[in-house]
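Peer 1: Read top to bottom, the protein sequences are chains A and B.
Okay, so the first sequence: first residue is 1 according to my numbering, each after it adds one.
Okay, so the second sequence: first residue is 314 according to my numbering, each after it adds one.
Hints in this document: simulated from the structure, not taken from any laboratory.
Fair warning: there could be bad hints in the mix.
Claimed, not checked - With a Cα cut of at most 20 angstroms, we get these calculated DMTMM-like pairs of lysine to aspartate or glutamate:
no.: 1; chain 1: A; residue 1: K218; chain 2: B; residue 2: E599
no.: 2; chain 1: B; residue 1: K352; chain 2: A; residue 2: D82
no.: 3; chain 1: B; residue 1: K352; chain 2: A; residue 2: E126
no.: 4; chain 1: B; residue 1: K371; chain 2: A; residue 2: D82
no.: 5; chain 1: A; residue 1: K185; chain 2: B; residue 2: E357
no.: 6; chain 1: A; residue 1: K71; chain 2: B; residue 2: D604
no.: 7; chain 1: A; residue 1: K193; chain 2: B; residue 2: E351
no.: 8; chain 1: A; residue 1: K107; chain 2: B; residue 2: E599
no.: 9; chain 1: A; residue 1: K218; chain 2: B; residue 2: D604
no.: 10; chain 1: A; residue 1: K77; chain 2: B; residue 2: E599
no.: 11; chain 1: B; residue 1: K554; chain 2: A; residue 2: E181
no.: 12; chain 1: B; residue 1: K554; chain 2: B; residue 2: D604
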Amino acid sequence: MKNHTFVRYRVIVTLGLLMAGFLPSRAEAKKLNVVTSTTDMAALTREVGGDKVNVEALARGYQDPHFVEAKPSFLLKLRQADLLISVGLQLEIGWLPPLITQSGNPKIQVGAPGYLDASQFAEILEIPQGQVTRAMGDVHPLGNPHYWLDPDNGRRIARGIANNLAEMDPSDGAYFQQRFEDFDKRLTAAEQKWDEEMKPYRGRKLVTYHRSFPNFAKHFGLDVIGYVEPRPGIPPTPTHTLELIQLMKRENCRVVLVEPYFDLKTPQSIGRETGSQVVVYLPSVGGEKGVDNYFQLFDYDIGLLIKAFNATK
Amino acid sequence: MRHTSLFAVLTVLLASPLFAQQSAPSRPGQTDNAALLEKIRELEDRLISLEGQVRILKSQQAPPEAGAQEATAAPQGQPPVAPTTSPTSAAATAVTQQQAIALGGAGGSAAKALNPDISAIGDFISVAGHNSVQPSPSLEMHESELGFQAIIDPYARGDFFLSFGEEGVNLEEGYITFTALPAGFVARVGKMRSAFGKVNTLHNHVLPWVDRPLVTNSLVGGEDGIDDAGVSIQRILPAPKWLFLEATGQLFRGDSGSAQSPLFKASAQSDLSAVAHLRSYKDITESTNLDIGLSYARGHNDLGTNFLTQLYGMDATLRWKPLRRSIYHSFIGRSEFIWSQRRQFPFEQRAFGFYTSGDYQLGRRWFVGGRYDHSDRPETASLTDNGASAVLTYWPSEFSQVRGQYRFTRYAGNLDAHELLMQVMFSLGAHGAHPF
Ligand SMILES: [Zn+2]
Chain A
1 MKNHTFVRYR VIVTLGLLMA GFLPSRAEAK KLNVVTSTTD MAALTREVGG DKVNVEALAR
61 GYQDPHFVEA KPSFLLKLRQ ADLLISVGLQ LEIGWLPPLI TQSGNPKIQV GAPGYLDASQ
121 FAEILEIPQG QVTRAMGDVH PLGNPHYWLD PDNGRRIARG IANNLAEMDP SDGAYFQQRF
181 EDFDKRLTAA EQKWDEEMKP YRGRKLVTYH RSFPNFAKHF GLDVIGYVEP RPGIPPTPTH
241 TLELIQLMKR ENCRVVLVEP YFDLKTPQSI GRETGSQVVV YLPSVGGEKG VDNYFQLFDY
301 DIGLLIKAFN ATK
Chain B
314 MRHTSLFAVL TVLLASPLFA QQSAPSRPGQ TDNAALLEKI RELEDRLISL EGQVRILKSQ
374 QAPPEAGAQE ATAAPQGQPP VAPTTSPTSA AATAVTQQQA IALGGAGGSA AKALNPDISA
434 IGDFISVAGH NSVQPSPSLE MHESELGFQA IIDPYARGDF FLSFGEEGVN LEEGYITFTA
494 LPAGFVARVG KMRSAFGKVN TLHNHVLPWV DRPLVTNSLV GGEDGIDDAG VSIQRILPAP
554 KWLFLEATGQ LFRGDSGSAQ SPLFKASAQS DLSAVAHLRS YKDITESTNL DIGLSYARGH
614 NDLGTNFLTQ LYGMDATLRW KPLRRSIYHS FIGRSEFIWS QRRQFPFEQR AFGFYTSGDY
674 QLGRRWFVGG RYDHSDRPET ASLTDNGASA VLTYWPSEFS QVRGQYRFTR YAGNLDAHEL
734 LMQVMFSLGA HGAHPF
């Protein structure tokens, strides 16, 4: 019996040593490995990181960022990461925390220097005041996490990321700073163009499926009057849909924006009832082919919006 | 204290645009206006960045003591922008006070933010029909589970799950996970569900059925399964890029199972039990993946120190979830095969059991599934039970669930049981992670 115990311990110790023996070879690459939860954070990191960083996003651009599966293959990326950038504000609460725990990577644990919550850099809207209850649906209790669709927030996030990269890799600090300034210049020029294009449509009303559009609407002066979801995360109900149709008719609102991961049945019936344009817009980079960076994302969405506004006069 | 200095900075920032606006009309001009706009913009950026820092502080740092926030006009922090001049300082103080009140209100929730995430899950089950072998109560508040979860520090997190039956309380799990160990190791210490197969790791409320498979009940310690105090160590193993490989080794005191289905029992202090698990995972496409595991467990059974029970397991899971419609459709097919080798008088018993299940998500709120069960009994392997179930699940929201299960069981000796199980589950509090 004693023998048994002894053998058992030996087996376990050997197993442990074996596992330790398989350490990855220490070919310390000079490039920083950055993993981001979403494609938008990846796009902004690429802008400022250039070829001094490897960037990979976990979620795809056409995927619902609230409901990403915590696949073990993500762990393979996370365990190599020097920096993990999340959108924060509980957007990824259903899937990112267990991945961080299981990654076995001390650098990216919450509170460690390699964990960056990008929401700290951005202007956050819809921060609930007072008591938050689930009667409000799957509400985001810290404020709306869909904040990256405002070019000004894009700039702020990019600056924050650039500073963070410079802190982690001071020898390339000037490079990141220079990349940010270049991005800032291009973004300012693009912003002027976008503002100009959207100017004729300021004050136009629209409806979105989820509350993923407030920052865009605020920046370009659009008026989101309602949502296809009766409450965040709650699928459409007939009563709510009816009320929404009446509201849209009353307010003469004729554009419905739908994120690419939602079913189109309800939006299309709303469209038929109200004579609205139903538009599948892209909340994220990578949502369609050819929308591969932060600039193309706005170009794409603004193009869609202008077409829809023109079609509904 | 940190808050105080932040408020001071906020004060200055809030005041500065006012000051800037006051002085603006005195010298009009295109370039000046542009410069002014630029300046305002910069200040706006700084304000937003400070708001962000306050948010992060509120969620991570200790809240300041009550009263500290009242110390408003003490700008001991170094404001990064130009100092306030006398005309605006009064306004600045006013703004600060307002600000302090608003953020003071949030101070309460900052204290709350330091509490662990608390969740409660209720699991109500009713059973109709007839089962002479293993009868179930007609109506039962089967389990109320309280969860407390928090990040302890940058090096560890803690998780507690207390499960209340209608009478007793049981520490289902309570452990610390060390997340910052060298060489990619992740260790756990405490009481935990062991890594033997899939079902054994899952809490009741994330199962796709009302009950647990026959093979779990017969061979792997029933509803509680292998759930014991001990240590666990886990590491991702080097493998080709397309393959995820992870090994887990666990050592427990040696007590697992329940009165109805005893598994391991430590009659002596040295009667430890051990579990090993190897998990491999592969993405076949972006929407389909395959998860295959091998498990081994050994421990001493209720007959005493000299009587070992060993379990060998294999599990396979195929998942499908189209990314563009991930909230509407999915499929999970799963099987676990388990072999038990139990030393007892007069001979060792070798029992085998398995289940195979499939669950398809019809729409955002509806799931349909089925399961086939087969298991020998561990102490008398010649007795075999079989069963089949059909399950329909409805989710009013992510936080509640209604489920019906029709279960047919043919126990050894051709004793048939037909039962209808109904379950209502509901969850309060913190938003938990979705199981995978
Ligand atoms: Zn959302």
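Peer 1: Quickly compare the C-alpha distance for K554 of chain B and E181 of chain A to 20 angstroms and report which way the hint goes.
Peer 2: Violated, at about 36 angstroms.
Peer 1: Does D604 of chain B sit within 20 angstroms of K71 of chain A, going by the straight-line distance between their CA atoms?
Peer 2: holds, 10 angstroms
Peer 1: Can you confirm whether the C-alpha distance between K352 of chain B and E126 of chain A stays at or below 20 angstroms?
Peer 2: violated, 26 angstroms
Peer 1: K554 of chain B and D604 of chain B: Cα distance at most 20 angstroms?
Peer 2: It holds: about 15 angstroms lies between the C-alpha atoms, which stays within 20 angstroms.
Peer 1: Between K218 of chain A and E599 of chain B, is the straight-line Cα distance small enough, at 20 angstroms or below?
Peer 2: Violated, at about 35 angstroms.
Peer 1: Taking only the CA atoms, is the gap from K193 of chain A to E351 of chain B under or equal to 20 angstroms?
Peer 2: Holds - the C-alpha atoms of E351 of chain B and K193 of chain A are around 18 angstroms apart, at most 20 angstroms.
Peer 1: For K352 of chain B and D82 of chain A, compute the direct alpha-carbon distance and say whether it is at most 20 angstroms.
Peer 2: violated, 35 angstroms
Peer 1: Under the criterion that the straight-line Cα-Cα distance not exceed 20 angstroms, is the pair K185 of chain A, E357 of chain B satisfied?
Peer 2: Holds: K185 of chain A and E357 of chain B sit about 18 angstroms apart, inside 20 angstroms.
Peer 1: Given the hinted pair K77 of chain A and E599 of chain B, is their alpha-carbon gap at most 20 angstroms?
Peer 2: Given pair K77 of chain A, E599 of chain B holds - Cα atoms ~15 angstroms apart, limit 20 angstroms.
Peer 1: Would you mind confirming whether the straight-line C-alpha gap from K107 of chain A to E599 of chain B stays at or under 20 angstroms?
Peer 2: violated, 27 angstroms
Peer 1: Below or equal to 20 angstroms on CA atoms is what counts here, so check K218 of chain A against D604 of chain B.
Peer 2: violated, 45 angstroms
Peer 1: Given the hinted pair K371 of chain B and D82 of chain A, is their Cα-Cα distance within 20 angstroms?
Peer 2: violated, 25 angstroms
Figure legend: structure checked against the earlier numbered hints; hints not met, in rising order: 1, 2, 3, 4, 8, 9 and 11.
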